[in-house]
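S.K.: Protein sequences, first through last, are from chains Y and U.
Mapping of the first sequence onto my numbering: residues 3 to 444, in sequence order.
Mapping of the second sequence onto my numbering: residues 3 to 444, in sequence order.
Please keep in mind that the hints were generated in silico from the structure rather than gathered at the bench.
Incorrect hints may appear among the rest.
[Said to hold, decoys possible] Computed footprint of chain U on chain Y, listed as stretches where at least three residues anywhere in the stretch have a Cβ under 8 Å from a Cβ of chain U:
{"#": "1", "region": "145–159"}
{"#": "2", "region": "233–247"}
{"#": "3", "region": "340–353"}
[Unchecked claim] Only pairs whose alpha carbons sit at most 20 Å apart, straight line, appear in this in silico SDA-like list of lysine to any residue:
{"#": "4", "chain 1": "U", "residue 1": "Lys135", "chain 2": "U", "residue 2": "Arg104"}
{"#": "5", "chain 1": "U", "residue 1": "Lys363", "chain 2": "U", "residue 2": "Pro285"}
{"#": "6", "chain 1": "U", "residue 1": "Lys135", "chain 2": "Y", "residue 2": "Pro12"}
{"#": "7", "chain 1": "U", "residue 1": "Lys363", "chain 2": "U", "residue 2": "Ala418"}
{"#": "8", "chain 1": "U", "residue 1": "Lys363", "chain 2": "U", "residue 2": "Ile441"}
{"#": "9", "chain 1": "Y", "residue 1": "Lys135", "chain 2": "U", "residue 2": "Pro12"}
{"#": "10", "chain 1": "U", "residue 1": "Lys135", "chain 2": "Y", "residue 2": "Asp336"}
{"#": "11", "chain 1": "Y", "residue 1": "Lys135", "chain 2": "U", "residue 2": "Asp336"}
Yeah, the Cβ is synthetic: ideal placement off N, Cα and C, and Gly gets one too.
For reference, the chains in residue letters:
There are 2 protein chains.
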Amino acid sequence: MSPYSAPTAPRPPLRVALAGIGVVGGGVVRLLEANRELIARRAGRPIEIVAVSARDRHKDRGVDLSRYRWEDDMDAIVAADDVDVVVEMIGGADGSALTLARHALGAGKALVTANKAMIAHHGLDLARLAEQKDTPLKYEAAVAGGIPVIKAIREGASANEIARVYGILNGTCNYILTQMERNGASFADALAAAQAEGYAEADPTFDVDGIDAAHKLSILAALCFGTQLDIGAVTADGIRGLIAADIREAEALGHRVRLIGMAERDRENGGGLYQHVQPCLVPADHPLAYVPGALNAVVAEGNFVGRLFFEGAGAGAGPTASAIVADIIDIARDEYGPAFAMPVDALDAAPAADAGARVGKHYVRLIVEDRIGVLAEIATAMRDAGVSIESLIQRGSEDGDGVVIVLVTHEGPASAIHAALDVLGASDHVVGAPMHMPILAL
Amino acid sequence: MSPYSAPTAPRPPLRVALAGIGVVGGGVVRLLEANRELIARRAGRPIEIVAVSARDRHKDRGVDLSRYRWEDDMDAIVAADDVDVVVEMIGGADGSALTLARHALGAGKALVTANKAMIAHHGLDLARLAEQKDTPLKYEAAVAGGIPVIKAIREGASANEIARVYGILNGTCNYILTQMERNGASFADALAAAQAEGYAEADPTFDVDGIDAAHKLSILAALCFGTQLDIGAVTADGIRGLIAADIREAEALGHRVRLIGMAERDRENGGGLYQHVQPCLVPADHPLAYVPGALNAVVAEGNFVGRLFFEGAGAGAGPTASAIVADIIDIARDEYGPAFAMPVDALDAAPAADAGARVGKHYVRLIVEDRIGVLAEIATAMRDAGVSIESLIQRGSEDGDGVVIVLVTHEGPASAIHAALDVLGASDHVVGAPMHMPILAL
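If we strip away everything but chain Y, and leave its shape as in the complex, we get:
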């Protein structure tokens, strides 16, 4: 099919079935209706919704679905001869989303999904199935919502060896952190505000513990490094352990706290892959320090292009629909290829790097009892673990709950910090769990 054939020989519409009509599904319906004409111009052919399927037909979704064929049984859209593309918006790593995805690809339909959990856990199997059936599998909306970062890395930065990829992959956490920044709020209060604004779920575990960001990071890592997607190798520390003082002290040190998912090849130690989500101190002259509210942002560092930075809305009906429909337009244009940029069998295995061997500067915060000898105990634990201290601040107790001690280390392996904090965390004089964050290296 020539990409230029559109004007002389109009191509038939691309026929789409939507499975799972929640907030995002409603956005896709609205987008395909509102931008119908311009999409047809850009795609070289109309894109038509031919069927919709969801659990509850009678739920009010704020969009008129009556003009589309309703299928109670999702397998009916897979079996339908008039469906070219199945859009999976059910969610969840397994269950009916995965069943639908397998059935759709197995039937030779194109599959578009926003489901980061499913891609993180089953992306390789699905990509292999897509290859066998010679049909597209696309998932732009699964990472960083509306930001076309899958495309930017898969295609835009394709000429580069990527040194590392990292970013703010969870808007809920970023919203909470910027609330804490602006208002001096506690984590609990900022979380409550995020819940009130609809940025956080009633059960925020998935977001605030870094699980959602871990899913996205595993996908970015596979694309950047040409490695087999391996969600089991991604570790995550969330933001629950942060207190208002951490944000304040970070600011005093010229930094901001961001939940950063980072993947990097450990070239010095056998090329293992480091994939970790954790709060970090981001220097004020790094663009990630200026990403506000619920936005997402991704940085990719290439050996020729240097640092690329992408920012935009990471969630929400409109941005997610934008990414889903971009995938559909790529399919309509026949501009697509292997889901992970190369065939699954060409992806490298990537053993996990030793996260403890990772060298950097760290921020450490402890709350200690206000008594003689505690500072010596800290200094001793650090010395015994081989941690070299660059600076230390002890703030007088504000509310009687203990004294806050903040220190910044010289460059050293993370394992040394962990060893020191294991000792200090067990001390009777240290209140609660010590907090530590790496300082993002430029």
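Starting from the structure of chain Y, add chain U where the hints point.
M.R.: Coordinates of chain U only, in the frame set by chain Y:
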């Protein structure tokens, strides 16, 4: 050709000829050599340089070209049977670059170019020729260097109606402006520093007068709005008129000065297209305010995705080569389509919008003689033109060269500002040309 055919049936190498081996050409050679294996994995086939051509064979380019066939005559690479892709890096809107581009496309070769001037002036003709010959025309490197912004807009944001596209499209100007910001330098001193650092040419006209940014803007506008590329409709004011006080006063107003190219549909007045390059005041809470040094950045605002922001290196051998080779990889993957996202005949004509009708707040700076009545003269000229003043600051003379008066207007049409400044510019009491800049609306 199935996108998945690579592993079972290896595809033949894609054979590339490079025309014009300067800084960028050297970068492309180095990139294709350094990242050879990973490019072959990602592209599904090797990418091989089979011929190079430039004016002077014996110039030292810092890369070893001896392993490649040398052609003194550029038409020889067009005629060669073993060339699939011609990469044009000669530069210049016309002349041998354009001749080569026409011959290459006419011969059915794929054309990759970094030449913004040529695309801005002849992009439609070249795209039409590419369509006729059913061969790719790609130009990612022509806008914002290494940032994959052509792809991000053409494909990543393809589902959206774009309200406006704007950004920092010239790294030289941004370098000069950030020098002025940091050091309080004059334009002349900052320009000299940029020249010393290699960020500005000996004759900086092309950069500092906004011509280079205008070329890029015209390309972005065509892609965003589905309109016929029309460089003649782009107007440009450069940064020569800025003085140190402008940067300082902008900062005092909570803004930074950036040279912004912006394209926007004037929906209220017939849908004409506004395309203008000029220095603007960017609010401190807009990400463009934090783009430092010679970087570029582009913002696209979509009706579903919201604001997308892309930042990276806008020039230089490595970033430009990254974009050029990304285009080559797209061609190797058969993932490409019409150069301007749709066939040339499907692009709309777009009459120029009336720039004077554009409503916004403005910054105005005048240098006046320190004498009675001047302030009244300014206020009268503004009142007579219908310009409403929000704030006005008069700074005492620093060096005897006159008094600096800075005012910020309420929202109003640009034509009113122009009328007032025409009057004041002709006044005997106003020193030099008045400066005015729009304040970027969020």
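S.K.: Does Lys135(Y) pair with Pro12(U) here, judged by a C-alpha cut-off of 20 Å?
M.R.: Judged against 20 Å, a Cα distance of about 19 Å means the pair holds.
S.K.: With a Cβ-Cβ cutoff of 8 Å, does the region 233–247 of chain Y contain at least three residues near chain U?
M.R.: With 0 residues closer than 8 Å to chain U, the region 233–247 of chain Y misses the three-residue bar; violated.
S.K.: Count the residues of the region 145–159 of chain Y whose Cβ falls closer than 8 Å to any Cβ of chain U, and tell me whether that reaches three.
M.R.: holds (count 8)
S.K.: Just to be careful, I want the Cα atoms of Lys135(U) and Asp336(Y) compared with a cutoff of 20 Å; is the pair within it?
M.R.: holds (19 Å)
S.K.: Holds or violated: Lys363(U) and Pro285(U), Cα atoms, limit 20 Å.
M.R.: Distance ~12 Å between Lys363(U) and Pro285(U) Cα, so the pair holds.
S.K.: Given the hinted pair Lys363(U) and Ala418(U), is their alpha-carbon gap at most 20 Å?
M.R.: holds (11 Å)
S.K.: Next pair to validate is Lys135(U) with Arg104(U); report whether the Cα-Cα distance is within 20 Å.
M.R.: holds (11 Å)
S.K.: Verify the proposed pairing of Lys363(U) with Ile441(U), using a straight-line Cα cut of 20 Å.
M.R.: Roughly 6 Å between the alpha carbons, so the hint for Lys363(U) and Ile441(U) holds.
S.K.: Check whether the Cα positions of Lys135(U) and Pro12(Y) lie no farther apart than 20 Å.
M.R.: holds (18 Å)
S.K.: Need the status of pair Lys135(Y), Asp336(U): alpha-carbon distance at most 20 Å?
M.R.: Since the Cα atoms of Lys135(Y) and Asp336(U) sit roughly 19 Å apart, the hinted pair holds (cutoff 20 Å).
S.K.: With a cut-off of 8 Å between beta carbons, are at least three residues of the region 340–353 of chain Y near chain U?
M.R.: Held - the region 340–353 of chain Y has 6 residues with a Cβ nearer than 8 Å to chain U, which meets the minimum of three.
In summary, the structure is inconsistent with hint 2 from the numbered list given earlier, while agreeing with all the others.
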